[in-house]
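Q: Listed here are the chains, written in short residue letters.
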Amino acid sequence: MVEMNINRRQFLKLTGATAATLAIVELGFNEKEVYASSKELKIAKSTVTPTICCYCGVGCGILVHTKNNQVVYTEGDPDHPVNEGKLCSKGTTIRQLYTTEKRVLKPRYRAPGSSEWVEKDWEWMYERIAKRVKETRDASFIEKEGGIVVNKTERIASLGGAALDNEETYLLSKMMRGLGIVYLEHQARI
Amino acid sequence: MTNHWNDLQNTDCALIMGANPAENHPISFRWLLKARENGGKIVSVDPRFTRSSSQADIYAPLRSGTDIPFVGGMIKYAIDHKLFHKEYVAKYTNAAFLVKEGFDFKDGLFSGYDEATRSYDKTKWEFETAEDGTPKRDETLEHPRSVFQLMKKHYSRYDVDTVVNVTGTPKKDFLKVCDAFCSTGKPGKAGTIMYAMGTTQHTVGTQNVRAFGILQLLLGNIGLPGGGINALRGESNVQGSTDFGLLFGDLPGYVGAPKAIPEHATLKGYLEKETPKTSYWTNKPKFLVSMLKAWYGPNATKENEFGYQYLPKGNKNYSHMMLFNTMHKGGLDGAFLFGTNPVVGGPNAGKEKEALSHLKWMVAVDLWETETSAFWQKEAGSDPSKIDTEVFLLPACSSFEKEGSVSNSSRWMQYRWKAIEPKGESKADLEILNGLATRIKKLYKNESSPAAEAINALHWEYGGHGDHPDIDVVCREINGYDAVTGKLVENFNALLDDGSTVCGNWIYSGFYPEEGKNLSKRRDNKDTGGGNFLNWSYAWPMNRRILYNRAAADPSGKPWSKDKAVIWWDGVQKKWTGYDVPDFKAVVAPTEPGGQSPFIMMKDGVGGVFAPSLNDGPFPEHYEPYESPVPNMFSRQESNPTIMIFGGSFNKRGDRSKFPIVGTTYRVSEHWQSGSMTRNQEWLSELSAHMFIEMSEELAEEKGIKNKDKIIVSSARGEITAYAMVTKRFKPHIVDGKKIHQIGMPWHFGYKGFATGDTANRLTPHIGDANTTIPEYKAFLCNVRRAD
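Quick note, the sequences are listed as chains A and B, same order.
Under the working numbering, the first sequence has 12 at position 12, and the numbering climbs by one with no breaks.
Under the working numbering, the second sequence has 1426 at position 426, and the numbering climbs by one with no breaks.
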């Protein structure tokens, strides 16, 4: 058997860490026994919120069931005209974007030369980043080039954004160009 | 996509080429299967027999990088067998236009080539014009200098035997594809072309798509239900992020970013140079001035050119590969990365990782610790003590922990509601951007240097709570409103160039036409006809579902066929009507000026069979990939003569004597892009747990490799180790009598997450398309050997 970062037992434990019973339900074990109580466990009294899948460009509808500040279940949106309730393997497991232990939950900072992350609060991060941006921008700002006003910095780049919402990409474009950034690229190029 | 996902059910023939929707856009395939239930055919052309191929009526293999010979051969087939839609071609495309004397094509080069600059003088490709400046035309298509005749001559060289000799496609399979797809040239039939990165990620990527465009115009397939050219977007909002100006060359709404050239020195100069005299783009001044009002608010006045001078003006190509090349040379100090992972996804990824260590600071905004934000770690093969980059990792929340809209391939702007509070201390990118912008602005508040002046002028008032902006304010700014009253504009027709209207992105204007009506939130799923679902969400522009739909009607305004009707001229009501929002001024009768010009965004109102604006020629011509296993059999030009070459140690070029095998990358259903959104999930990691290299039984036998053996793949850039996956899905191609092997590999893997593996992109080159500089991931040279 080839190696993987997790073996099956650890894998069950990982999923179970959030809700042991649910993990078993979703993996299809003890089917009959669990089925009887599943409605109460998962769907009952949960809040249902429609979303659009975050993976490919098909844009399938997904319903997110939440209860007690947990994502208890996700399923294809039967009212959506493109997927009519169906989902692929990625869309089906969208719940784990929330439940996985791999999520970064606090800002992390790595100092020059350091071999580790240090957790910081948001305000510290914002202020330090703003300072670094200003330093670089001020030192590299080009007001004019060949007599033409160019108002740019060629020493800061911005990459990415294809996973962001439209409203976010709009603010990203406005902010970066507003700062004079010309190295502005994202995944559509690659 | 010119059309949309549900519309696939209306097709008579779907040509899937350079895409694999059954695995990479699985749900889209439902609509193709519906088309088949209605009698439609599915055709798959791919170097590998994919799951899409397994569902197809016809499959034809081809060697990676030979799309132009293949489609060029189809163009010739359609012309030779008179299968093209003659009236459509004569009226709705530039095939009838005459090209100026002196245009020529010899041995792989069009007229006007300059070897020193590797570029063309495009004035050699201009149309001959009448006194009023419009192109001269011959609608009989017989004039020897007509685009049609020049095209016919160009593709006369793409005869069946030459084509299959280059592509390695069995002749009978090639002919089956030609016969099936070209049958859609009849009025009443529609064929669609579905493509993705298998088409674009080549040094001739743009021309690959152009070849599709020519074929579809010849067959009269653009504007029709079940027709069109449909790019299958790989990311949930790569459509929207491009629309909103996240590529260096375009501001939101595809208004070109100003450059540091004398003509762009003033707003007036820019508008004079960049506003065409004809087409809908004559409105460009309204779009740009309204955007400047959105960006600079009260600081945008008539006296200061509406803040035009605050916009940065670049002087070169700043695209992805140039960016990393500059970074590697120490030319960049800081970088922001929003949900992107170039250490896995970028070309020549080993070098891109090295480049990051030249940064002084890097801000990564992501749900995960990725191979990119952790590039300095021992695990990444780095020595942290030698890397001075300061790294900030800001935790973003997932898509259902916030609200906002995304635009799918169909251009449907669909709203996502917030289902739960962001996990831990993670935040929406909207909040993070606002948090950063307000703090940076604060540092400049009391300064008056030119750098301070530009950022101080940026209008940034989004209300909300704490750092989280009120998203409704952002939505209003995107849609546009009256600068004085604040009243929302109905759509982009209401925009003006005098500073009285505000609009962040004109192509989206209309999604929020009045108070309380953000149309991206609509969920009425009743089919309004033709599968267009006009009341579900909002499709830009103007809620149109099928672009260029005027072309689905004949010049007199009647549908070419009842079966493929979309919009038509209603002589009683005196307007265009039908199942879609007309992509045309609704009250212009077919008999009025412009009433027979369906391509309203094009300068001449017609589709471009001949494209005099591209860098590498007005017709697609075959050049071999930058790294090719064989010489070019069409001309002495080996690779595209206009691509930018990155030399030196940063980008070594592989030679066929050392690397005789064609390599290509692809994706699997269970993983997505660089894997950070799937390898951090338990189930998907277990479903597809390992990096592998797929190869034919024939190649495996030659190399003494068995299924599941550990093997090493090498290219001029590096080596990776993975498991061999020996399948019947790859077969050697017979090219010019020689056996050419091709292998394929997923590009999802890296060293982070639950499922890990070597990164395929350590093998791929820093070389790109002559127009877009998209990297040539899909055809590079490599070799394989057993690891033990």
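Derived from the structure by calculation, the hints contain no laboratory data.
The reader is advised that the hints may include incorrect statements.
Said to hold, decoys possible - Calculated cross-link-like contacts (lysine-lysine; reagent style DSS-like; alpha-carbon spacing at most 30 Å): (1) K1558/B / K1603/B; (2) K86/A / K1386/B; (3) K106/A / K1386/B.
To be verified - Partner residues are not named here, just some residues of chain A that face chain B (Cβ under 7 Å, in silico): (4) K45; (5) S46; (6) V58; (7) K86; (8) R108; (9) V118; (10) R137; (11) N166; (12) E185.
Only a predicted model underlies this, so the values are computations on that prediction, with no experimental measurement involved.
Here a beta-carbon is modelled for each residue, glycine too, at the ideal position from N, C-alpha and C.
Q: Take the hints in turn and mark each one as holding or not.
A: For each hint, the structure was consulted:
A C-alpha spacing of about 24 Å is found between K1558/B and K1603/B, which places the hinted pair at or below 30 Å, so the restraint holds. Between K86/A and K1386/B the CA atoms are separated by roughly 50 Å; this puts the pair beyond 30 Å, and the hint is violated. For the hint linking K106/A to K1386/B, the alpha-carbon distance of about 26 Å falls within 30 Å, and the restraint holds. Interface hint status for K45/A: violated, as the beta-carbon distance to the closest one in chain B is roughly 15 Å, over 7 Å.
Because the beta carbon of S46/A sits about 10 Å from the nearest beta carbon in chain B, more than 7 Å, this interface hint is broken. Nearest Cβ of chain B to the Cβ of V58/A: about 5 Å, under the 7 Å cut. The hint holds. Given the 7 Å rule on beta carbons, the hint for K86/A holds: about 6 Å separates it from the nearest Cβ of chain B. For R108/A, the shortest C-beta to C-beta distance to chain B is roughly 4 Å, which falls under 7 Å, so the interface hint holds.
Contact between V118/A and chain B, as hinted, is not supported at the beta carbon level, the nearest pair being about 11 Å apart and thus beyond 7 Å. For the restraint placing R137/A at the interface with chain B, the shortest Cβ-Cβ distance is roughly 6 Å, inside the 7 Å limit, so the hint holds. Nearest Cβ of chain B to the Cβ of N166/A: about 4 Å, under the 7 Å cut. The hint holds. Residue-level restraint check for E185/A holds (minimum Cβ-Cβ distance to chain B is 5 Å; threshold 7 Å).
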